[in-house]
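Engineer: Listed here are the chains, written in short residue letters.
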Amino acid sequence: MLHKKDLLGIRDLEVSEMMSIIELAKDMKPIVLGSGSRLDLLKNKSIITLFYENSTRTRLAFTMAGMYLGANVVDLGIATSSVQKGETLADTGITLDRMGIEYMIIRHSMSGAAHLLAKNVNASVINAGDGANEHPTQALLDLYTIYEKKGSFKGLHVTIVGDIAHSRVARSDIFGLVKLGAHVTLAGPGTLTAKSMEMLGCEVTTDMKAAVKNADVVMALRIQLERQKGGLFPNTREYSQLYGLNEETFAYASKDAILMHPAPVNRGVELMPELIDSCVSVIDEQVTNGVAVRMAILSLLSERRTRI
Amino acid sequence: MKLCIIGGLLINPKTNIEEVTDIWIEDGKIIDIGENNQCVADQIIDATGKWVVPGLIDIHVHLREPGFEHKEDIKSGCAAAAKGGFTTICCMPNTNPVIDNECVVEYIHAMAAKANGVHVLPVGAITKGQDGESLANIGKMVEHGICGISEDGKSVMDAGLMKKAMQYVKPFNIPIFSHTEDHSLAGGSMNAGENAQLFGIKGIGREAEEVIVARDIILAKYTGAKLHLAHMSTKGSIDLIRTAKMQGIEITAETAPHYFTLDDSILGDYDTNKKMNPPLRTKEDVEAMKMALKEGIIDVIATDHAPHHYDEKNVEFDKAPFGIVGLETSFALSYTHLVKTNILTALELIDKMSAKPAKILGIDKGSIEVGKAADITIIDIERVYNIDPATFVSKGKNTPFTGMTVYGEISYTLVNGNIIYQK
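Chains as they are written, first to last, in numbering that gives the first Met the number 0: chain A, 0 to 307; chain B, 0 to 422.
Hints may be right or wrong, so weigh each one.
[As the list claims (entries may be wrong)] Some residues of chain B that are not near chain A, with every Cβ distance over 10 Å (derived):
{"id": "1", "residue": "E193"}
{"id": "2", "residue": "G267"}
{"id": "3", "residue": "E315"}
{"id": "4", "residue": "A357"}
{"id": "5", "residue": "I418"}
[Claimed, not checked] Pairs of lysine to aspartate or glutamate residues, derived as EDC-like cross-links and limited to a Cα-Cα distance of at most 16 Å, are as follows:
{"id": "6", "chain 1": "A", "residue 1": "K118", "chain 2": "B", "residue 2": "D41"}
{"id": "7", "chain 1": "B", "residue 1": "K318", "chain 2": "A", "residue 2": "E86"}
{"id": "8", "chain 1": "A", "residue 1": "K118", "chain 2": "B", "residue 2": "D268"}
{"id": "9", "chain 1": "B", "residue 1": "K312", "chain 2": "A", "residue 2": "E86"}
{"id": "10", "chain 1": "A", "residue 1": "K3", "chain 2": "A", "residue 2": "E302"}
{"id": "11", "chain 1": "A", "residue 1": "K3", "chain 2": "B", "residue 2": "D268"}
FYI, nobody ran anything at the bench for these hints, they're computed from the structure.
In this text the structure is predicted, and so the values were computed from the model without any measurement.
C-beta atoms are modelled at their ideal positions from N, C-alpha and C, and glycine is treated no differently.
Construct the entire structure; sequences and hints are all you get.
Structural biologist: Have a look at this one:
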């Protein structure tokens, strides 16, 4: 059960809300895998995706999730929309609202953009990534994947490595994992990690091996070259050699540790190809789970909309 | 026509008076203070149970005219000032065109003359077009009545040019206001720190402010200019000012009500009405600011009244302009958070909101004495209410204080003996 009209971040989600999404995602997964029949929970409902930033996985996962639930899904092609004529986000939202669209999925380069949209519309807004703030549905699919593989969060050691400072994925994952009782360690170069992130309830280090040691889950993050003004590390060669995750570093993790990555991966930069394609990697399964989790979220928001 | 304000508690810091008395006004001037059996009043204002104080002076206001009349104009800004108890306001030069020559100064005088009578004192730019490259027509603007110079909205980043400005302005004996922000260190949308981390918003470090505070104190020390530091927000700035004052460097400093009432923990809802520059800092800074007011490290409470249109604020947090309105909430917030809490006495508060600003500007205002112009504010300090932007007469409704319970409401505002605002 979800308490609010919108899903804007993990920061304001309760443990019970996260768990109900994860539990429902489990039931949805067979549909994504083709072994269950599609549903009509969102029949006659309209969903729109508004992606002010590029995306393959997230946008299509929402699109497929909506279709598997029987909804009509359209995309506002930002590049060919009135956004290019300078229409504000609030006005765009109000316009879509008046067309009877009940679910708006937004990705935007600025923190709080989803909150702004939610304030201006009656539709349910789902944050598909806002600036360096949050990417809650990515975190939920990560949490579901971890839960599926490990069975519980309590006392689990999760290590997140790479470009933490620019990562909304890391922030949402940290919020969720800490609430669910996992130990979270962050590692990366000094310019891409911040000691102040410890206030989120995790540990921060620049020592990769120490960070990975005994981890049950190792999550690598993409170096967000597009979000960097430059100069945060010398070059990708040095980065991959000092902070890239390879088999040698991964060997420090616990025996049955899993490797995750929100993708797309910069192959050979933050993750070495031999690791990406090895059996410890669950990166491809995250994609499937991503559709299941978004189906669960849409279903629960629709249940909440009928309830009110 | 004689006007008499009877039975109010006169609070006049300049003469250190705090007593219940009557004030007699004729031809715009105060003609007597105290019981007067010879006089017969044509009009009486019963101020029993209320404060009677010298008209408040706001040294830091953005009136937005010329150029941004959709945010505010001189008429609406003056109406907001009167409602907030202000009889004199200084308007900042970041208009379009910039106040950088005597023509724009005269335009402001002309528009103010059509408003409600609040004294509007223009502040001239330091550099031409606020481009940070060459000095504006400071001397000509002084001839036409500017009260100070400022680059408000940005810093003069070239230290050499700032030094020249201080040297040049000194003989004119007006203050130079410093907007302290090193542009190379700024660039975020809220205070850098734990809460910026929590909310995923790019931070503005306190060093952006403190570096320029330190620089300008040093420049003031060597040039002897009357430096006034605008909108101080950090504990570090306070420490720098304290040290400077202990060394006998003659500088003054202001803060605004939001810096001693709010901290950056409230930004989690991405409400752009809580976005201003400098940004809300931490609880520790808020406490430091209160102590600095008590100790006299901070001389003045100003509002940095910065109205914006609703549409301009109803955008993404990073995109929204900095600034909040302040004229209509300043006294109540200051009284509630400083006097009700025993941080300042009534005399000290009025000193920081009237007498001291007048002294910094070198104007004959900020005191209720016989022979002075009757700029007077009468305040019902018992009145309790919730702040509601719908009641603002300013065009700007951008306040972070919506719903906050405060004490103190302006009953009357008088300029030159004329009632320009009455509740």
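Engineer: Take a quick look at whether K118 of chain A and D41 of chain B sit within 16 Å of each other, Cα to Cα.
Structural biologist: Distance of about 54 Å is beyond 16 Å: violated.
Engineer: Holds or violated: is the Cβ of E193 of chain B farther than 10 Å from all Cβ atoms of chain A?
Structural biologist: violated (5 Å)
Engineer: Over 10 Å from every CB of chain A: does A357 of chain B meet that, or does the non-interface label fail?
Structural biologist: holds (41 Å)
Engineer: K3 of chain A and D268 of chain B were given as a pair; does the straight-line alpha-carbon distance stay at or below 16 Å?
Structural biologist: The hint holds at about 14 Å.
Engineer: Classify the label on I418 of chain B as holds or violated, using whether its beta-carbon is more than 10 Å from each beta-carbon of chain A.
Structural biologist: holds (41 Å)
Engineer: Just to be careful, I want the Cα atoms of K312 of chain B and E86 of chain A compared with a cutoff of 16 Å; is the pair within it?
Structural biologist: Distance ~14 Å between K312 of chain B and E86 of chain A Cα, so the pair holds.
Engineer: Given the proposed pairing of K118 of chain A with D268 of chain B, does the C-alpha separation stay at or below 16 Å?
Structural biologist: holds (10 Å)
Engineer: Does the structure keep K3 of chain A and E302 of chain A at a Cα separation of 16 Å or less?
Structural biologist: holds (11 Å)
Engineer: Has the given pair, K318 of chain B with E86 of chain A, been kept, meaning a C-alpha gap of at most 16 Å?
Structural biologist: holds (13 Å)
Engineer: Could you let me know if the closest chain A CB is still more than 10 Å away from the CB of E315 of chain B?
Structural biologist: The claim is violated: E315 of chain B sits with its nearest Cβ about 4 Å from chain A, within 10 Å.
Engineer: Check the non-interface label on G267 of chain B: least C-beta distance to chain A beyond 10 Å or not.
Structural biologist: The assertion about G267 of chain B is violated, with a minimum of 8 Å to chain A.
Of the hints listed earlier, those the structure fails to meet are numbers 1, 2, 3 and 6, in rising order.
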